Amino acid sequence: MPGADKETDLSERIESFLSELKRCGSGAGSLRGSAETARETTALLRRITAQARWGNAGELMEIIRKEGRRMTAAQPSETTVGNMIRRVLKIIREEYARSRGSSEETDQQESLHKLLTSGGSSEDNFRQHFTHLKANVIEAINELLTELEGTTDNISMQALEHIHSNEVIMTIGRSRTVEAFLKDAARKRKFHVIVAECAPFCQGHEMATSLCKEDIETTVIPDAAIFAVMSRVNKVIIGTQTVLANGGLRAVNGTHTLALAAKHHSTPLIVCAPMFKLSPQLVILLYKNYFFVLILSKVNAHCPVFDYVPPELITLFISNIGGNAPSYIYRLMSELYHPEDHEL
Amino acid sequence: GEGKELTKEEKQRLRKEKKQHKKNKKDDRGPPEKEKEKEKASVPAPSKPATQSPAHKAPVPVNASASESPVAAEKPAKSKAELRAERRARQDSERASKQGKKEGGQQSTSSKPKATPNELQPVVKRLPDHVQVDDPVALKKLAKKLERQQVPLRSDYGYKVSLFSHLHQYSRKNPPTQQISIPVTVIHPSIVRLGLQYSQGIIAGSNARSVALLHAFKQVIQDYSTPPNEELSRDLVNKLSPYISFLSQCRPLSASMGNAIKYIKKEISNIPSQCKEEEAKRILQECIDSYINEKIILASEAISKYAIEKISDGDVILVYGCSSLVNHILCEAFEKQRKFRVIVVDSRPRLEGREALRRLVKKGIRCTYVLISALSYILPEVSKVFLGAHALLANGYVMSRVGTSQIALVAKAYNVPVLVCCETYKFCERVQTDSFVSNELDDPDDLIVTRNGKTHLENWQTVKSLGLLNLVYDVTPPDFVDLVITDLGMIPCTSVPVVLRVKNVDQ
Chain X
1 MPGADKETDL
11 SERIESFLSE
21 LKRCGSGAGS
31 LRGSAETARE
41 TTALLRRITA
51 QARWGNAGEL
61 MEIIRKEGRR
71 MTAAQPSETT
81 VGNMIRRVLK
91 IIREEYARSR
101 GSSEETDQQE
111 SLHKLLTSGG
121 SSEDNFRQHF
131 THLKANVIEA
141 INELLTELEG
151 TTDNISMQAL
161 EHIHSNEVIM
171 TIGRSRTVEA
181 FLKDAARKRK
191 FHVIVAECAP
201 FCQGHEMATS
211 LCKEDIETTV
221 IPDAAIFAVM
231 SRVNKVIIGT
241 QTVLANGGLR
251 AVNGTHTLAL
261 AAKHHSTPLI
271 VCAPMFKLSP
281 QLVILLYKNY
291 FFVLILSKVN
301 AHCPVFDYVP
311 PELITLFISN
321 IGGNAPSYIY
331 RLMSELYHPE
341 DHEL
Chain W
1 GEGKELTKEE
11 KQRLRKEKKQ
21 HKKNKKDDRG
31 PPEKEKEKEK
41 ASVPAPSKPA
51 TQSPAHKAPV
61 PVNASASESP
71 VAAEKPAKSK
81 AELRAERRAR
91 QDSERASKQG
101 KKEGGQQSTS
111 SKPKATPNEL
121 QPVVKRLPDH
131 VQVDDPVALK
141 KLAKKLERQQ
151 VPLRSDYGYK
161 VSLFSHLHQY
171 SRKNPPTQQI
181 SIPVTVIHPS
191 IVRLGLQYSQ
201 GIIAGSNARS
211 VALLHAFKQV
221 IQDYSTPPNE
231 ELSRDLVNKL
241 SPYISFLSQC
251 RPLSASMGNA
261 IKYIKKEISN
271 IPSQCKEEEA
281 KRILQECIDS
291 YINEKIILAS
301 EAISKYAIEK
311 ISDGDVILVY
321 GCSSLVNHIL
331 CEAFEKQRKF
341 RVIVVDSRPR
351 LEGREALRRL
361 VKKGIRCTYV
371 LISALSYILP
381 EVSKVFLGAH
391 ALLANGYVMS
401 RVGTSQIALV
411 AKAYNVPVLV
421 CCETYKFCER
431 VQTDSFVSNE
441 LDDPDDLIVT
451 RNGKTHLENW
461 QTVKSLGLLN
471 LVYDVTPPDF
481 VDLVITDLGM
491 IPCTSVPVVL
501 RVKNVDQ
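Protein sequence lines, in the order shown, are assigned to chains X and W.
Take the first sequence: its position 94, counted from the start at 1, is 94 in the UniProt record's numbering, and no numbers get skipped.
Take the second sequence: its position 387, counted from the start at 1, is 387 in the UniProt record's numbering, and no numbers get skipped.
For the record, the hints were derived by calculation from the structure and aren't laboratory data.
Here the structure is a predicted model, which is why all the values come from computation and not from measurement.
Heads up, the beta-carbon is just placed ideally off N, CA and C, and yes, glycines get one too.
Some clues are possibly wrong.
[As the list claims (entries may be wrong)] Stretches of chain W that chain X covers, calculated by requiring three or more beta carbons in the stretch to come under 8 Å of a beta carbon on chain X:
1. 229-242
2. 341-351
3. 375-385
4. 409-417
5. 433-439
[Said to hold, decoys possible] Example chain W residues on the side facing chain X (calculated, C-beta under 7 Å, incomplete):
6. G158
7. V161
8. I372
9. L457
10. L469
11. L471
Bound-form chain W, shown alone:
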């Protein structure tokens, strides 16, 4: 109460002073306005660039400037939000003045080329929480944040292989929903249900998870009512934060979900303040619907069209696991009377290939089923390999279900073309070179199996030196991939950053 108010005001005062100081310095130097806005934006260090205001063309870099980081670290959340509101008001006014300046000629042309060098400046992005499990400081921060948001903290399970001690490893038997009290006050019930579906693996697959997330958000927006003295565009974003924390406790967010959340937050903050609540809700529902329609449904139609050109009669196509996009392509090709047969490769412990097999056989496609260890045996018969992707990284690596890189490797050894199908909304700006640094560890108990009546790994927890590793994703180097089929066309793996740049400029 009182104490907090005081520190907040003190801090506001400190910051105002600093800003004045900087303004004076800048008037002497006269650099572009952009830098000032950038520094202001960097102060509360938003973890997701979704909170940036649309004035910034380049992604907001979080400059770890020495003067501001100690202030940022000590600030409690509530004051942060208030300060952000103030800052936004300031930015609005500056935007207006900048518009005026822009009319005045030279600045516009000189500010535009200066906009792009922002991307080349050193960017220090904040490391996401889910890859800092071995850092006790980060864990404490996360615990505090979750406590504030009244989201349960999930505890790790089982012995973790030392190479992966920086990642979480959860057990499916303890979903975080068990730790929530009933009735739930902070988290919307559809989000609770969604979190449970994620953690139990009922909803799996990149597209399925994103669509389910968006539908849940639609429900949330429907039930939302603006509290008095608050603006919808700001309060709704704040309401979504605990939901997102809860969902990432249930299962780490995928790249596609991250992009969807960014989009929603941007749309919400773009709602003009004079808009009525009903109207705003309607706009947001429409935005979400059009996102799903454009980025997922129409994208898969476009990708099918391109991919069908690559399927010829008599082909033997190899697919791995269950990718909704690849299944869609094969079903479409079959409807267009292409003659081909499919080999479905599957792997333990998820055995997702069986689901793909069911869908394809239902359509009437001739299928063969093998496990991934039989890959070298059947590859000589294969003419093409179609793979789905979870995300495409900015350095051209394909992040997908574990085992995909193996398939690409062996296909390359046998000179079989590898085609990856991926919608553009899954492209992400991260870069990664191996499957260790940023991955997901699934429940290790899934590896236990009974063969010949014996379950060797039953008591693996009691054995001191035994560890079970159940990875979910791996990265495929771009030299194994021959072509990426996206809704923008067929591109080589190395053109992913070009697409990202084009997307950023559009936005």
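With the rest of the complex left out, here is chain X:
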């Protein structure tokens, strides 16, 4: 039966994706960027929408939620997976509302009255069957995919608005978004980049060699020299792993020190983060990785992978939809995700 084949094919793909996620997490550092993960997740969700058996929107959402829980459990630190799932769930809700005819987009709990009256009614709303729902949802997911493909370019296009000539820019570790951002600016302007190497994985070295290929004046410094050198830096531009709901960051370790040093010298801290990194989580989980094999077994070693940076230390977020202050992030979040999807 073609249906059964489709299903086994689908479950095979899901399994391979899950094992891929698990493998990524156990290596030293991520083997692929979050943009790729986001694209693959969205493509997989499109496939689920197309090939899985579902009768109405509610069932589809249940399937996606179930798969989503499995995916996030495979690699809890990779938040883009969860973010894409929530985006798709929001897409389904919107398409459903559009099919039903009501303007669900404006029903965003704007007023206390709406909160009180529309409380319990959304529960059974997703049981209705619509023939074109599948096609609409797949089309919307395709739009999401195009948006994902263009995020890095959208961010890089804004580079010239933020970098002037003869600037000294500081960054830490390796972020593909920041790399593209700086390379784009380097086509028209001359400036100097200082890269903090970010021990122990030293991704900063890769970043430096990559920037040098575009003839950008780069200097590699060890993490200990961040504060010493900060007084001569004009801007700090960093990437991040996740943007949290309060406008804070979960970024590679060492970023909090960098942010504090920038605050001390009143240097603006700019975060280049595409919208798919925005996560409705407020709780931080820091993952430990016992990296060094020490001669003495009586010693504890800590090697956290991520740092939490509070929103007060951040000046600006540059995303594919433009620049925003950290205080505005919660509004963007409410546009991207439905509050009921915050917990998968």
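Chain X is fixed; fit chain W onto it per the hints.
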């Protein structure tokens, strides 16, 4: 030979005339004698105030007086030494006459308060050579001086970041000892060995370097024999100059080493001329031993005593890198049965924290080890931060291993008290506000590392726009530091110039 003698005598004559002229002017004006002595001292422009005679209470200011600087600049070294000898003889005689004057009442009380205003007069100190690498004139002068002293000149290595083009950057693979011919005639072998140990990083750390230096000098003094027609107090100081140049070529001198050298030179020049050679050597050896004992060993005992009062049971103490003093304090506290645990923070590329970790764990202290990028992660658990210092500057800034200021910054953000432990012999009169102007650049190749089988920076020299920066020191502003523990007691960071003043008056 002949030519030199002539110019020397001409110059002597010129100077004598000038002095007569000035004397006449002064007899008319009648200002204190101090000024004349000061001007005489300023003429050969000594780079280290160690050569001052003990009559001066205030540090000798090098007044760039217009009439004398052109003369000073053109003079070759040998004649300088001869002139200095002459000047000293004159100063001795004047000192004697001044003693007589002092007995005569009023002058004494009026000269004393006039002594202190000397410190407030504008002081133009000579800029040390190691921060003038971008000045070709200074480099030429240095090269000439080293050639004269038969000390090899070390060449810079690798691309230097433009912000630091005024500093040297050497490679560990080319130590200056390779350029010395064997057998070495000018430089004592223990100094050669010491220089090699410095340049390869075998001896590192402020206290270790100073003690090694003093021991090497003891050996030098032991093997020294006064040549005929020379005085030990003058010739020995001259013998030490090429050694010091050689050592600073191997690795720039630290503030503690500078103070130790000043002390030795002072002690040597204080040796009375009628003292026999054996006796003089014995005195000098004793001086050096007592310096090490007082300023380093006993000082660390005193600092431990004060610091242990600040350690309470249940504390979680954070230390950075390997400071011999802080390690000593922690070991002492552990012996006195204080219950605490230690978090050792380490940083690339030196990874000195591993040495500290070894020492502490050997004692039995419970330790945790992190890299400096994990600082914000573990600081919430920390109750106190103990830091060592390389030098304490006169404006209250703490000069220490790079990364110290970062630790102090983050500790301040988390409201954790920061205590700096530093002996008084490391206090120095320099002032500095950032880590750029006067620093040391270590071998840039140290930053290269292999991760996941890939060495990204292997060919950094071939890439045109890539630079590696390996700083050694940084300065911590005093508002990050809560307390400085010294052998004189516990002082705030801003009291450093007070201690310096007290020390100067004592000397």
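Hint check results:
1. For the region 229-242 of chain W, the stated coverage by chain X is violated: 0 residues have a C-beta nearer than 8 Å to a C-beta of that chain, whereas at least 3 were required.
2. Given as covered by chain X, the region 341-351 of chain W passes the check, having 3 residues with a CB less than 8 Å from a CB of that chain where 3 are the minimum.
3. For a cut-off of 8 Å, the count of residues in the region 375-385 of chain W with a CB near a CB of chain X stands at 4, and the three-residue condition holds.
4. Against chain X, the region 409-417 of chain W contributes 3 residues with a C-beta closer than 8 Å to a partner C-beta. That satisfies the three-residue criterion, and the hint holds.
5. Coverage of the region 433-439 of chain W by chain X holds. Counting CB-CB distances below 8 Å, 3 residues qualify, and the rule asks for three or more.
6. Against a cut-off of 7 Å between C-beta atoms, the interface hint on G158/W is violated, since the closest Cβ of chain X lies about 12 Å away.
7. The beta carbon of V161/W comes within 5 Å of a beta carbon in chain X, closer than 7 Å, and the hint placing it at the interface holds.
8. The interface hint given for I372/W holds, since its Cβ lies 5 Å from the closest Cβ of chain X, which is under the 7 Å cut-off.
9. The restraint placing L457/W at the interface with chain X holds, with a minimum CB-CB distance near 5 Å, inside the 7 Å limit.
10. The interface hint given for L469/W holds, since its Cβ lies 5 Å from the closest Cβ of chain X, which is under the 7 Å cut-off.
11. Of the supplied interface hints, the one on L471/W holds, with its beta-carbon coming within about 5 Å of a beta-carbon of chain X, less than 7 Å.
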